[in-house]
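Student: These are the residues of each chain, in order.
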Amino acid sequence: MAQTQTEAKPIVNRTQAQVWLRQMLLIRRFEERAEMLYQKGNKIGGFFHQYSGQEPVAVGSIGVLREDDYVITAYRDHGHALARGMSARAGMAELLGKVTGCSRGKGGSMHFFDAEKGFLGGHAIVGSHIALAAGVAFAMKYRGEDRVCICYFGDGAINQGSVHEAMNMAALWKLPVIYVVENNMYAMGTSLERSSAVVDLRLRGATAYGIPGFTINGNDIELMAKTTREAAARARAGEGPTFIEAQTYRYKGHSISDPGKYRHRDELDNAVKNDPIVVYENILKQRGWIDDAAIEKMRQDVKAEVEEAIEFAEQSEQPPLSDLYEDITVAPFIPQE
Amino acid sequence: MAVLSFREALNQAMTEEMERDDRVFLMGEEVAQYDGAYKVSQGMLKHFGARRVIDTPISEEGFAGIGIGAAMVGLRPIIEFMTFSFSLVAIDQIVNNAANMRYMSGGQFSVPIVFRGSSGMAGSLAATHSHRLEAWYAQIPGLMVLMPATPADAKGLLKAAIRCDDPVVFIEHEVLYPDRGEVPEGEHLVPIGKAEIKRPGNDVTLITYSRSLKVTMAAAEKLAEEGVDAEVIDLRSIRPLDMDTLINSIVKTHRAVIVEEDWPYCGLGAGISDRITRTIFDELDAPILRVASKDAPIPYNKAMEQSMLPSVQRVVEAVNGVVYREV
Ligand SMILES: Cc1ncc(C[n+]2csc(CCOP(=O)(O)OP(=O)(O)O)c2C)c(N)n1
Numbered sequence: 001m002a003q004t005q006t007e008a009k010p011i012v013n014r015t016q017a018q019v020w021l022r023q024m025l026l027i028r029r030f031e032e033r034a035e036m037l038y039q040k041g042n043k044i045g046g047f048f049h050q051y052s053g054q055e056p057v058a059v060g061s062i063g064v065l066r067e068d069d070y071v072i073t074a075y076r077d078h079g080h081a082l083a084r085g086m087s088a089r090a091g092m093a094e095l096l097g098k099v100t101g102c103s104r105g106k107g108g109s110m111h112f113f114d115a116e117k118g119f120l121g122g123h124a125i126v127g128s129h130i131a132l133a134a135g136v137a138f139a140m141k142y143r144g145e146d147r148v149c150i151c152y153f154g155d156g157a158i159n160q161g162s163v164h165e166a167m168n169m170a171a172l173w174k175l176p177v178i179y180v181v182e183n184n185m186y187a188m189g190t191s192l193e194r195s196s197a198v199v200d201l202r203l204r205g206a207t208a209y210g211i212p213g214f215t216i217n218g219n220d221i222e223l224m225a226k227t228t229r230e231a232a233a234r235a236r237a238g239e240g241p242t243f244i245e246a247q248t249y250r251y252k253g254h255s256i257s258d259p260g261k262y263r264h265r266d267e268l269d270n271a272v273k274n275d276p277i278v279v280y281e282n283i284l285k286q287r288g289w290i291d292d293a294a295i296e297k298m299r300q301d302v303k304a305e306v307e308e309a310i311e312f313a314e315q316s317e318q319p320p321l322s323d324l325y326e327d328i329t330v331a332p333f334i335p336q337e
Numbered sequence: 001m002a003v004l005s006f007r008e009a010l011n012q013a014m015t016e017e018m019e020r021d022d023r024v025f026l027m028g029e030e031v032a033q034y035d036g037a038y039k040v041s042q043g044m045l046k047h048f049g050a051r052r053v054i055d056t057p058i059s060e061e062g063f064a065g066i067g068i069g070a071a072m073v074g075l076r077p078i079i080e081f082m083t084f085s086f087s088l089v090a091i092d093q094i095v096n097n098a099a100n101m102r103y104m105s106g107g108q109f110s111v112p113i114v115f116r117g118s119s120g121m122a123g124s125l126a127a128t129h130s131h132r133l134e135a136w137y138a139q140i141p142g143l144m145v146l147m148p149a150t151p152a153d154a155k156g157l158l159k160a161a162i163r164c165d166d167p168v169v170f171i172e173h174e175v176l177y178p179d180r181g182e183v184p185e186g187e188h189l190v191p192i193g194k195a196e197i198k199r200p201g202n203d204v205t206l207i208t209y210s211r212s213l214k215v216t217m218a219a220a221e222k223l224a225e226e227g228v229d230a231e232v233i234d235l236r237s238i239r240p241l242d243m244d245t246l247i248n249s250i251v252k253t254h255r256a257v258i259v260e261e262d263w264p265y266c267g268l269g270a271g272i273s274d275r276i277t278r279t280i281f282d283e284l285d286a287p288i289l290r291v292a293s294k295d296a297p298i299p300y301n302k303a304m305e306q307s308m309l310p311s312v313q314r315v316v317e318a319v320n321g322v323v324y325r326e327v
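Taken in order, these protein sequences are the chains called A and B. Using the UniProt record's numbering, read the first sequence as starting at 1 and increasing by one per residue. Using the UniProt record's numbering, read the second sequence as starting at 1 and increasing by one per residue.
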């Protein structure tokens, strides 16, 4: 099992910790409500991949980045987007395909984008955004900036060819990129053991390209933050990429249509029993940083924020059909029909 | 005006653009220390240094993606594919990422990148090294596809491509690299989406691009000797297509032949012919004919290889067909 938080001394202050807890609650609530809209109202289409259970990975790591850093991820992107500060409104409106959505209704669940927040997207071709991350980092280095790009992907993506091409070049050129593999043990229904000859993912970067690698408990939010902070410092100092295998667990099936029957019942029970949000609530209570009443208030606030976002999304306009030809190119677009 | 080779014209275009804009850089296999597999980037490493002229490992998908990522955050990469046949390894990046990014982000991220390199059949390289993929790329909304036929157009179009805020697929025919011609110095830009009438005529419109322009011009000369006055249009821009120039010409000649080096089935000419037919059917006095490569992989054997290509004779035969001329 991965290393867990051992430090007696917290690595964040009280205010920061509360912000993180609230973000995790917001992501959880956002997705729970979105799932209801998907199931009942038939209001959300396409694939819908939930992040429930993995919240500490995104919140802890994005939480230590600077505002001018970049974040890029795969299709399981709601959590990263909200952790990066995308509004629940813009996310919910995108799920409903509205013109007020974060991608103007053109991207959907798997393609959230927010340029203002340096959120470079959810990307649905497994593995293919990992090269983009190296390119973003290349641009930082080219301009002599000390910004970094953090790149999230699943354990299934690690076996794509372009990932290795990109990691080799990122290491060769010492690009400021932080790779975070969210090892939730499954790629759809295929477990890591059935897809990877070497299951110690850290070794992929470490032995092949000399990228420093860490396997950690990704559900330990402060350990996630600490490891990322060190990786960012390394990147800003010109020392190149870091590879973090964040071990975590997704509560839901791969997507809404997947009941996840390939997993053992007790595997899931065990995870839910140790729900990382509840775990963090308890840690903060022990430190005397929050009490039950404050947590309850936070939960109510988050609920209200999500309801308001749903209201906003439902009231928002559909994109006009003429938008079909908008945003294809910067130059005036001439349909070749 | 200076007389330059096609490859020198491309080199001049990149050099001038990199001098005026630090965001532009060149990346690809052997572009730097080796001076380019086809020497298009000759001397550029010396001039600009390793920060801006970058040799990559043999990782087409990886470095295409790196270019796209860099373009998303403000750089203007030129990505060289040693040959466009190898761009198939990177097609996921070009289609799924470069072409879609602006649309899927609701206009928030554009990808100002040029994918350029050699293509086409030249000297018995057989099937893996001779692909013409213009029809593949031209089908994708979000991409510009450019194919110059002369040194002057090579320079002007490449400069326009580098300044374009959208992803551009810029395909250079390998056999054109040594061709020489007059090239305007300095600020010479050929607009994207504008075809050019390379030879005016009244009896039939010959539509072509890239290396096939030479064959088509030779055919037009032969036809002129035989009393058929052909107008030759060089598309230059495959997407967007300059329909206005095509329509104006066909309204004058009432007949058209498309000469293309890609495969016939679902090829570029099929799309162009369809558009013309639907737009000005009444103006046509004959069906539009197409002269394309043969519908086979490209063979190694020299004679077989040559038989693949559009030839002067095949173009003349097609023209005879549309002007209903018995010979
Ligand atoms: C290139 C490609 N192949 C297959 C798919 C279909 N697919 C979507 S998600 C997925 C599993 C990916 O799992 P992983 O990378 O571990 O991410 P996780 O779902 O665990 O977050 C597959 C096979 C795809 N989207 N892209």
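Please keep in mind that the hints were generated in silico from the structure rather than gathered at the bench. Hints are supplied without guarantee of correctness; some may be wrong.
What the hints assert, rightly or not - Label pairs and their in silico Cβ distance ranges:
hint: 1; chain 1: B; residue 1: Asn301; chain 2: A; residue 2: Gly144; range: 47 to 55 angstroms
hint: 2; chain 1: A; residue 1: Trp173; chain 2: B; residue 2: Asp22; range: 12 to 20 angstroms
hint: 3; chain 1: B; residue 1: Asp22; chain 2: A; residue 2: Ala233; range: 47 to 55 angstroms
hint: 4; chain 1: B; residue 1: Ala50; chain 2: A; residue 2: Pro335; range: 41 to 49 angstroms
hint: 5; chain 1: A; residue 1: Glu116; chain 2: B; residue 2: Glu221; range: 54 to 62 angstroms
hint: 6; chain 1: A; residue 1: Leu203; chain 2: B; residue 2: Gly186; range: 48 to 56 angstroms
Virtual Cβ for every residue (Gly too), placed ideally from N, Cα, C.
Student: Each hint needs a verdict: does it hold in this structure or not?
Tutor: Okay, the hints, checked on the actual structure:
no. : hint                                        : verdict
1   : Asn301(B) <-> Gly144(A): 47 to 55 angstroms : holds, 54 angstroms
2   : Trp173(A) <-> Asp22(B): 12 to 20 angstroms  : holds, 18 angstroms
3   : Asp22(B) <-> Ala233(A): 47 to 55 angstroms  : violated, 28 angstroms
4   : Ala50(B) <-> Pro335(A): 41 to 49 angstroms  : holds, 42 angstroms
5   : Glu116(A) <-> Glu221(B): 54 to 62 angstroms : holds, 59 angstroms
6   : Leu203(A) <-> Gly186(B): 48 to 56 angstroms : holds, 54 angstroms
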